[in-house]
Amino acid sequence: MTVTEPHIEEAKKDITFRVFRFNPQIDSKPYYDDYTIQVERGITVLRSLNYIKEHLDATVSFRAFCQAGICGSCAMRVNGLSKLACTTQVWEVLEKCREPNVIKVEPLRNLPLVKDLIVDMDPLVDKMKHYSNWVESTMPEEKMGKKEFLISEEEFLKYDKATDCILCASCVSECSILRANSEYVSPAVLLKSYRMNSDSRDAIHDVRLAELVKDHGVWDCTHCYRCQETCVKSIPIMDAIHGIREDAIERRGMKDTSGSKHAEAFMSDIEKKGKLVEATLPIRTNGMAWTLKNLLPMAMKMIVKRRTPPPPPLVKPTKGIRVFRSMFREMSEHVREDHKSHNK
Amino acid sequence: MKPFDIVIVGGGGAGLYAAMEAMKTNPSLNIAVLSKVYPNRSHTSAAQGGANAALANKAKDDTVELHIFDTIKGSDYLADQDAVEVLCSEAPKIIRELDNMGTPWSRMDDNTIAQRPFGGAGRPRCCYCADKTGHTILQTLYEQCLKKGVQFFNEYFALSLSVNGSRMRGLLALNIKTGKVEAFASKTVIFATGGYAKMYWNRSSNAAGNTGDGQAIAYRAGIPLKDMEFVQFHPTGLRKSGLLVTEGARGEGGYLINRDGERFMARYAKEKMELGPRDLVARSLETEILEGRGFDSPAGKYIHLDLTHLGADLIKSRLPQIREMSMQFEGVDPIEEPIPVRPTAHYSMGGIDTDNFGRTVMGGVYAAGECGCVSVHGANRLGGNSLLDILVFGRIAGRTAAEEVGKFAPGIIPESEIAEKTEELRSFMKPSGHYERYGALREELGQTLAMNVGIFREAPLLRKGIEDIAALRDRYQHVRVFDTSDVYNTNLIQVLELKNMLDLAETVAAGAYAREESRGSHTRVDFPVRDDEKWHKHTVATLENGTVTLGEKPVTMGRYELQERTY
Chain E
1 MTVTEPHIEE AKKDITFRVF RFNPQIDSKP YYDDYTIQVE RGITVLRSLN
51 YIKEHLDATV SFRAFCQAGI CGSCAMRVNG LSKLACTTQV WEVLEKCREP
101 NVIKVEPLRN LPLVKDLIVD MDPLVDKMKH YSNWVESTMP EEKMGKKEFL
151 ISEEEFLKYD KATDCILCAS CVSECSILRA NSEYVSPAVL LKSYRMNSDS
201 RDAIHDVRLA ELVKDHGVWD CTHCYRCQET CVKSIPIMDA IHGIREDAIE
251 RRGMKDTSGS KHAEAFMSDI EKKGKLVEAT LPIRTNGMAW TLKNLLPMAM
301 KMIVKRRTPP PPPLVKPTKG IRVFRSMFRE MSEHVREDHK SHNK
Chain L
1 MKPFDIVIVG GGGAGLYAAM EAMKTNPSLN IAVLSKVYPN RSHTSAAQGG
51 ANAALANKAK DDTVELHIFD TIKGSDYLAD QDAVEVLCSE APKIIRELDN
101 MGTPWSRMDD NTIAQRPFGG AGRPRCCYCA DKTGHTILQT LYEQCLKKGV
151 QFFNEYFALS LSVNGSRMRG LLALNIKTGK VEAFASKTVI FATGGYAKMY
201 WNRSSNAAGN TGDGQAIAYR AGIPLKDMEF VQFHPTGLRK SGLLVTEGAR
251 GEGGYLINRD GERFMARYAK EKMELGPRDL VARSLETEIL EGRGFDSPAG
301 KYIHLDLTHL GADLIKSRLP QIREMSMQFE GVDPIEEPIP VRPTAHYSMG
351 GIDTDNFGRT VMGGVYAAGE CGCVSVHGAN RLGGNSLLDI LVFGRIAGRT
401 AAEEVGKFAP GIIPESEIAE KTEELRSFMK PSGHYERYGA LREELGQTLA
451 MNVGIFREAP LLRKGIEDIA ALRDRYQHVR VFDTSDVYNT NLIQVLELKN
501 MLDLAETVAA GAYAREESRG SHTRVDFPVR DDEKWHKHTV ATLENGTVTL
551 GEKPVTMGRY ELQERTY
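Sequences listed follow chains E and L, in order. If you read the first sequence in our numbering, its first letter stands for residue 1, the second for the next number, and so on. If you read the second sequence in our numbering, its first letter stands for residue 1, the second for the next number, and so on.
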C-alpha cells in the first residue's frame, strides 16, 4: 500500500503589517509603520514579524521566546484583539481587516508601554504578590518532601483549567475595568487567586479572600466577559470570578464593598418588583453621603431634563410577578444545591 | 549595587530551585536571580511529559535501584554512576516537595500522584500534570519565589564573568530595558541558563532563547565544557516547525507509521516498540525517511504519529496541548488524522563540567540543569529525567553555594570593565562598508549543523561542518546591529546570542569529529559500534588561544558493569 500526499495548493498573498512604533528615546508619540511582505497560507503572525525584523527593519521590537504557545511572551493586539502572535495564523485574521489585507499589530493595553510592541509586565507581577498568588502550604517546611497530599480527581478538576494560565496578559489587555482603573486586581490575578483558594493544600484562604473583597478587588468586575472571550488558553475566567464572589458571600456575607452591596440591592429589587428601583440604588450601594456628594449635580441635571427615575412607591411590580417570584425561588434553591455539591 | 553573595543566572526550574534552597540554607544571604526573560517564560514551561521518580504509586514494585539502572543503561553507560544515584534517590523527595508546595499533579484513583510509562523506563514512573508538567512546575516555583521575596532582575542579559587571574568577582549583564551594562559583584555565580540545542534553529524544538548563554560565558572564561557532542534528537517534532510532540503521546499508546502503513518500530525495538529510548527511536525515524519510506510534502519528508485509535476522550483529557498544537501548526486534528512528525534537536546532554555538587573548576562558579553536565544523562537522556535533573541539581547547587559562600571574598568589578563592555556592544552598531546580516549567519549555522552534525554523522560531513562553523565565526566579526537604540534592543540581543551559539557549535562539532564511535545520541556511520576500550570517557572542551581544545575525563563507574544496550 502506498499513500500519496494530496496536492497542496500553497496560496500566497501580499499582506501589509501596520505595526505600532514607539521608541521612548526618540519619539514624542507613537506612529505606525507599514511593511508589505508575501505570506503563504499556514504562516503565523509571529513568523511574519520575524521575517520583517530580519529582512526589512531590524529595529521593530517585540518579545518572542518559545514560539509554541506555552511561554506567553508574544501576546499583542492583532487587528484590535489581544492574542499570541505565535499561534495566530495570518489567514485567520485576514477576515477581520478593516482595509483588505492590512493587519494592524499593536502592543497590549492596560500595561505601561516600553517600546513598539513591548509592554511592562511588572505591574501584573506586583499584583500577583499583593494577592498572595501562591499556595501557602499547610505542610510545615521541615516536613516537606516526606509524604504527598492525597488529592481527589474532583479537587484537581476544580483548578485544572486555571493552571493552564500562562500569564500572557491578553485578558489584562482586554479588561474594561482596567481601562478605567489601573489599580483593579486584573482577570489573570483573580483567576490565579481562585486557583489557590480551591486548593486544599493552601492555608491562607481567608487572608487572600479578605484582600480580594476590598476596593479594586473582585466586586469591581462588571461581567463584560472580555477576559474570557480573549483567553488564549480558553480558560473560563468568569467562572473563577463568580467562584470567588460566591465564596465571599458564603464566608463573609454581602457587606464588604459597594460592589457586593450593589449586587445585594440588585437581587432584592428583582425579587420584589421584577425590575430595578433605580432612584435609591446608588444610596443602597454607596451610602447617602457618597451619593449626595457625587451624584447630586447629575440628579439636578436629570430633574431639569425630566429624566429622573420614578420614586420607589411608583415602581410597581411587573406583570406576572408571582410566577416570576416562584421561578426566582426555585433558581435560588438550585444554586444553593449546586454550591453544596461543589464544596463537598 | 551592593555586592551579592549569590548571583543566579537563569530563572527556569534549576535557577528558581537554587534560589529557594539558597535562601532556606542561609536566610541572611543577598541573592539575585537574573533572567533574560520573565522567569515564568523560561523554557522549563515547554516540558510536557513529566518527571521520573520511583514513587511506586502505579507499579508497586518500582524502586530507586531500577530507576538508577534504567538511567545508566539509557545513557549508554556514559553517565557517572554516583551522580545518577543522587538524581534517582532524591527524585521521590523532590516530587513530593513540589506536591507539598502546590504543583497540580494529575492523580490516580487512590488520590496519589499519577505515573505513566515513558521511553527507556522499565516501570511507569513518570509523574505528570496532563501534558503541561513543566509549565505547572515552573508556575509553582515562580509563585513560591514571589512568596519568599526572591530578588529578581528580569530582562537582564548575562554578558561575561569578571575574572581577575583565577578569581571570579562577579558578572556583567545588560539591562535590556535600559541598554546599560551593569556590574553584579558577587562571591558566587550559579549558571542555570538551559540548553544550547537552538543552534540547530529550524530543526530544533527549543525556544528562540535556548542559545547556551551560560555555557558560552563560562567557556570564554576558561571553564571546561563536557560531552558537548551529545545532542538529543527527539523523534517526534512537528514537520513544519520542529516543535515538539511529547513522548507522552507514545506513552499513552500512539503508533509510529511509515508510508507503507507499517508500525516500523517492530524492526528496531521489538519489545519496547514506540517506547524505545529517544536516540534509538529518532534514528529509526530518520532511517525510514532516508530509505524512502517516509511521506513527502512541500514542507519536507515525515512520518505519521497516529493517535486516532486512542479515542477523542483520552486525547482531550491527557494530551490537550498536543491536539491544540497539531491543529495550530499543522492543521491536523489528531483525533481524526495522524500527526506529521520528524526528528528535531531537542536537548543538550553536554554542558558546563561540574561535580555532583554543581561546582566547576573555577572557585565560586557553579552550574545546574541543562546548562551543566554532572553527568547524569551521559550519551542519551531518558524522557522524564530532564525536569528531574533541573530540580535535583538546581537545589543542590543552591545549597552548596550558600554553604560555601564564606570561602570567597566579596568581589569588586572595576568601572573600566563596564566601560570596555559597553564599547564592545556599541562597536556592533558602527556603520562599515562590509557587513554581515545576523539572520543569514544564524540560518547557515542551523543548516550546516543539521546536515553535517545531525543524527547520522561521519568524518567527511563533520569536517565540512567544522569548516563551515569556522567560516561563520570569521564572518561574525563583521555582523552588524542595525537597531542603535538603548531601550529594549532585541536586535543586539539576537546578535549576542548568535555569538554564544557559534562558540558552542565549534565544541559540538569538534567533539563529534573526535569521538570515533557510536554511543547514545552520537551516531557515527563510519564507526557504527560503541568502542568502550577507546571511548568510554567524557570529552572536555576548553577554549585555548581562541579555539577549542579537547581533553578527556574518566567515567565514574559503580555497581553496573558495561553491557550491550538493547531494547
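Among the hints, a few may not be true.
[To be verified] In the SDA-like style, the derived pairs of lysine to any residue whose C-alpha atoms are separated by at most 20 angstroms in a straight line are:
id, chain 1, residue 1, chain 2, residue 2
1, L, K177, E, D120
2, L, K58, L, F69
3, L, K177, E, P24
4, E, K13, L, P298
5, L, K240, E, P310
6, L, K147, E, R208
7, L, K553, L, T542
8, L, K301, L, K316
9, E, K146, L, K24
10, L, K180, E, Q38
11, L, K240, E, Q38
12, E, K146, L, E424
13, E, K146, L, T25
[As the list claims (entries may be wrong)] Beyond 12 angstroms from chain E on every Cβ pair, some chain L residues (computed):
id, residue
14, R41
15, N164
16, G242
17, G253
18, T287
19, E324
20, G406
21, M451
22, G454
23, R473
24, D474
25, K537
26, P554
[Unchecked claim] Derived list of chain L stretches under chain E, where covered just means 3 residues or more per stretch with a C-beta under 8 angstroms from a C-beta of chain E:
id, region
27, 69-81
28, 88-102
29, 111-122
30, 133-146
31, 481-495
Simulated from the structure, these hints should not be mistaken for laboratory data. Think of the CB as a built atom: it goes at the ideal place given N, C-alpha and C, for glycine as much as any other residue.
Checklist entry - Failing hints, ascending? => result As far as the earlier hints go, 5, 8, 10, 12, 14, 16, 19 and 27 are violated by this structure, in ascending order.
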